[in-house]
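Trainee: Hints given; two lone chains; assemble the complex.
Protein chains in written order, with the working numbering: chain A, 1 to 314; chain B, 1001 to 1347.
No farther apart than 20 Å at their CA atoms in a straight line, the calculated lysine to any residue pairs in the SDA-like style are these:
#1 LYS2/A <-> TYR1221/B
#2 LYS135/A <-> SER1083/B
#3 LYS135/A <-> GLU1088/B
#4 LYS256/A <-> GLU1042/B
#5 LYS232/A <-> GLN296/A
#6 LYS2/A <-> GLN1043/B
#7 LYS2/A <-> MET43/A
#8 LYS1056/B <-> ALA1103/B
#9 LYS2/A <-> PRO1045/B
#10 LYS2/A <-> HIS1044/B
#11 LYS256/A <-> ALA1214/B
#12 LYS1131/B <-> LEU1097/B
#13 LYS256/A <-> VAL1215/B
#14 LYS18/A <-> ARG144/A
#15 LYS128/A <-> ASN1117/B
#16 LYS1243/B <-> ASN1231/B
#17 LYS1210/B <-> THR271/A
#18 LYS128/A <-> ILE161/A
#19 LYS1210/B <-> GLU289/A
#20 LYS1210/B <-> LEU287/A
#21 LYS135/A <-> LEU1084/B
#22 LYS2/A <-> GLU251/A
#23 LYS1068/B <-> GLY1143/B
#24 LYS2/A <-> GLY1218/B
#25 LYS128/A <-> HIS1086/B
#26 LYS1243/B <-> ASP1013/B
#27 LYS135/A <-> PRO1085/B
#28 LYS135/A <-> HIS1086/B
#29 LYS110/A <-> LEU1084/B
#30 LYS135/A <-> THR1138/B
#31 LYS272/A <-> ALA1214/B
#32 LYS153/A <-> GLU9/A
#33 LYS110/A <-> ASP1163/B
Don't read these hints as lab results, they were simulated from the structure.
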Amino acid sequence: MKLALKVTEVETLSPLVKRFRFEDPTGAELPVFSGGAHITVEMPEGDIIRRNSYSLISDPYDGSAYEIAVRREDQGRGGSLYMHTKVSEGDEITVSTPSNLFQLDLRARKHVLIGGGIGITPFLSQLKQLDMEQKPYELHYAARTRDEAAGLKLLPEAAHIHVHISDEGARMDIGAILDGQPLGTHVYTCGPEGLIEAVADQAARLNWPETAVHSEAFTAPPPGEPFDVVVKSTGQSITVKADQSLLEALEEAKVKVEYSCRGGACGRCQTKVTTCDGRILHNDHWLSEDERGAQQDIMPCMSRFKGTRLELDL
Amino acid sequence: MTMHFNDETFRGDYTYHNSPEAIRRFPFPFDQDSYMYSVNIEQHPGGPKGTPFEFKFDVDEHYVAEMKDREITLAEDPLRCQSLPHMELAGWDLLELIMVSKARDYPDLFTLHRDGNDWHWINKPLGIEKKFTFLDPTTLPCGPMEYITRQTQGDFALLHERDGNLWMDAGMVTSQADWSLDFDVGMNFFEWHAPVPKARKMGVFDKALKFLLAVGQGQHYRRLNWTMTVNPRLDTSPENYHKWGPEKRTITPENVGQKQFLRVELQTFFRLPRSNALAFPIRCYLANLEDLAIVPKWGRRLHRVLRDIDPDLADYKGFAVNQETIVTYLSQFDDGAPTSPGIFPDA
Ligand code: FES
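Pulled out of the complex, with its shape left as it was, chain B reads as follows (with noise of 0.2 Å):
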């Protein structure tokens, strides 16, 4: 397997872009034509081949344009990735997991060679070639998390368990939908999703985190969740408001198709076994209305799904001030035909 990587931008010109291939397999997050927050949680990896759902880490045509956006974002604002000191020994375990996960799904992209704690990592993509010693970060040039970070799609929260709670005692957080690792560090599992509208109320949260407390070594999960973005842009963090949230105000019928982007994340969990820790990886993927609406089924969903959706929800999500806009543009896509099951495109 070859695997093109696109030259493309998530800010300024904007020239992030879905080939076919990619619009196809794009992780689609409603599977019924209604939305109501839920924690539909499932195992991982599953799913067809060439889903994003099929490998432990998902490394797909943006790998390259999105490192070098996190770059960037580091450069401007190092606070991005945080590690407390306790949380060193998670970071190795994620760096384990991620670098044994990827030399074996994409073996033409990542190799690893391991004898004892010697380590020799080659990653083509990123021309990087490094041989150094697990579990001595004087041998790479930065903290385990942070290197293999850098090196990996997403954004990434460790969390540390301690007193029947989750806390996030680290991350690397340069692609989140609205929320800020500075401000977040140290928070606890209640207090980072409190402004969830109705969630708490369903005691979602509850479950959701008995239910993770309780994820085994060798369990791993996943979750999708959604927002909307007009733009490509990665960086929508709440310290960057200024830059991303005025362009929400450029939308007409005439651009919508092309600028308003439906957001995704794909979160997982894993539970790594030397710290304990719970690693949470977030992927982001980002698909514009026109290309969704390539997939016959999505476009019909999609347009129902928004127009009929709660408006706290609207509001939250980020999109209620275009919501006529968006709907009228998609109900060009609804004949009313029904819609199969599931997530997936009808073959």
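Next comes chain A alone, as it looks inside the complex (with noise of 0.2 Å):
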């Protein structure tokens, strides 16, 4: 479902990051989240439509504004640049309702939740969730340096939130972090790879249950080579471009694919593979270390393909 709404506030938060707030226009209240959920933002440029997924930064029962924090990639497939250069206040905007696919495990006895660079946003809705929850948590934030941490601006100062800036000797020590927390605590992770593995490292360590340890698993697509795909019913071949992602290039074509959180999580675009004439690069989290081999299936909103043949049964 969509939502049509208006930018009412845009924030330099750190020469890299923005805040966006999104409103309705008619001052409706907009459908309350979970801690953790994200939107989908359209990016319409000409004939095309882009689609990124965000973290909802702001308060889950405040149905007033959805805000969000955009980190520029000058690498990217240019959706964060068309929102750091071409959205400003009083623009239209039009935004998915929220989904949740790294929601908080509400059994759990205590939280800790650990945020590397701009992986704080997924937990700044979360820990406003906690807090009225009344539940026990404690969050850490690691930032190389103190004009990279945009995130210091959104956090509370608060006894159990505590910021590691690496630049000033305070790097973050997950091994002290995750020992001697309470039985029944789980931990939950967003940011680079190198970190959510750390973690799950330790986390293994100190035998925590692996149902314990979280991770937001959806990042943006990545860029990469040009392709072509072959769609089967109609025998349409389609060029996937360097900073395009191939649902982006079959939406672009008129293709109808089913999608969710388009970040790879979800498993709602999943794909089968009718022919495969080379390898599939599988970017997803979804599909199984057997069915990546398999090479059967492909998650369009991630994945892209190296080789002469590419078919999928659309």
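Mentor: This is the structure:
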């Protein structure tokens, strides 16, 4: 479901990160949401509509507005550049209703949230939810420099909120954070792949149950080399440009594919591959190792292809 | 719109009955002359005016009597309503969803005034008026899920999403076709569906689970399921099998038209906003064969479906022992004429 909203605030949080606030143009209440939820933002350019998903950073129970924080990725597919250069206060903007692929497990005795860089964003709504639910938690935010730490402006000051700036010699010590947490604690990580792995490794070493270790799976689709794809039902051949995802290229060619997260995490866009002469570059978090190896399924929102012929059952 | 509520029972003397309007709006589940298990999911709400698909939560002439029957079942067995502690937020989400929908769709019957978290709820058919604070459980006589589902037809399961699966961690179950909340609470999606024959093999549940996990806020879905029950009994739970199981043996060619009921479940799915849980209301509709055959298309079709059904499914749906009697009875309504597609009666 889509919502036609209005941009009511744009704020520069750091040289690379801007905060956006969207409200209903008539002042109507927006659907409330759960901590960790995201929305998909539409960015029309000429004939094509680019769509990126961003974590909501505003108060989940406050229906007066949605807020997101966007980091400019100069190497990306252009979505974040669009947000940074083309979107200003007063503009109309179309977004999806919220959905959540990174929810808190409310059974936990305590929640430990670990965010690296822009990976702080999903935790900003989660900690508001945790405050409201009066659940014990601690949050750790790691960034390289204070200048880059855009999240600082969005975090409340509190004893259970810890900031680690590595350039100031305050590197985050994951072992120390996880060690000694009470039984029944859940840990959530969002940020660079390396951070997610480090937390998972450390938790495994401390014998945490796997079900108590969560990470934010979705990322933006990576750009790559252009490739061609054939639509089986029509025989149509479509070129996927370097800065476009396969899903975006199919949409541009008016081929209908289901989607939700556009980040390789929800499974909605899974598509059967009928011919694959080459190698699928699986960038999603959905397919299993076996499914990847079989090359009979692809997640068009994230994955790309290298080879001579890729035909999809569409 | 004024609605008349039947004075009727779902046990003992079984005075349950359908008015002519209730028969015409019955959610007949077969869209063709044969049946095979499938996921058959559609968007909800949405459907012709007056049908049970028009609104998110259908209220009909059986409302008051069904709520009385629920009260009786709960008094005998309080465990029919359970909610694990982490599901309270989902209970509030459900309460909000139902109150807002009913007040909007049935303004003559229900009213909701909201001032921030100060809520004022009026339920005219049940004579309830309550002021309470949203999200504050101390202001309600019981938990939010129990409170609202004592005022809403149908059973309710609240599913918690974790580890890529759905777990039934709360529910109100008093009108269920042969499954037990006490047994299933805390189970995941696959464990809970394990008894359905053939479906697992067909991969139906893997697909259904993937689908459910991807249901987003504001997208609601429904599907119809069905089974057969002797007598209009809501509480056909395994716990009470000794009460209703033997009734299957009371069917004769003379009484089958009145005593044999088609039991249709309107299952709906809603993603709840604050908890991200899935609400899974399961609404039960009952009509006996005699009433269903008043609609010529349904008489013909029901005969064909029940005559040709896979024997395993006849067993699972609980009517194998009476299948012959049922099919013989229904054959008088089947002149062999073709039936129109879709579930609705011909105009
Ligand atoms: S749209 Fe969610 S995995 Fe592709």
